[in-house]
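Please build the complete structure, drawing on both the sequences and the hints.
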Amino acid sequence: MTKDKTLRARYYYLLGQLYDQLQHKDSAAVAYQNIIDFNRRIPRTYWIHAKLNQLNTSQLDEEAVQKQYQADQKRRKQALFR
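1 is the number of the first residue of the sequence shown in our numbering; add one for each residue after it.
Errors might be hidden in some of the hints.
[Said to hold, decoys possible] Cβ pair distances, simulated, as ranges:
| no. | residue 1 | residue 2 | range |
| --- | --- | --- | --- |
| 1 | K67 | D26 | 15 to 23 Å |
| 2 | K77 | I36 | 17 to 25 Å |
| 3 | K74 | Q17 | 21 to 29 Å |
| 4 | K3 | E62 | 37 to 45 Å |
| 5 | L18 | F81 | 32 to 40 Å |
| 6 | D37 | Y69 | 33 to 41 Å |
| 7 | K77 | K3 | 31 to 39 Å |
| 8 | S27 | K5 | 15 to 23 Å |
| 9 | S27 | F81 | 13 to 21 Å |
| 10 | S58 | T6 | 19 to 27 Å |
| 11 | R41 | K77 | 32 to 40 Å |
[What the hints assert, rightly or not] With a Cα cut of at most 25 Å, we get these calculated DSS-like pairs of lysine-lysine:
| no. | residue 1 | residue 2 |
| --- | --- | --- |
| 12 | K5 | K51 |
| 13 | K51 | K77 |
| 14 | K51 | K67 |
| 15 | K25 | K51 |
| 16 | K25 | K67 |
| 17 | K67 | K77 |
| 18 | K3 | K77 |
Think of the hints as simulated: they come from the structure by calculation, not from any bench. In this text, a Cβ means the ideal position worked out from N, Cα and C, and glycines have one as well.
Shown next as structure tokens:
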């Protein structure tokens, strides 16, 4: 694989989308988690879309997804004030 983190994140995103289409939810979640693990080393759009897709493909109940989403919103607001 390439050493360029942006390109690698893009490949993981495409891989996650392919797994989603094939209904391999666990593999898709792992691909999206790989993108999330890059954190600030990739463009934010990749990170945000990976996080949203991971929440959509997760097998958590709706309450847990809502809780995770609210925690992400809280972290985003805190980051704005730094």
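Task: Violations among the numbered hints, reported as their numbers in ascending order - done: Of the numbered hints, 6, 9, 11, 18 do not hold.
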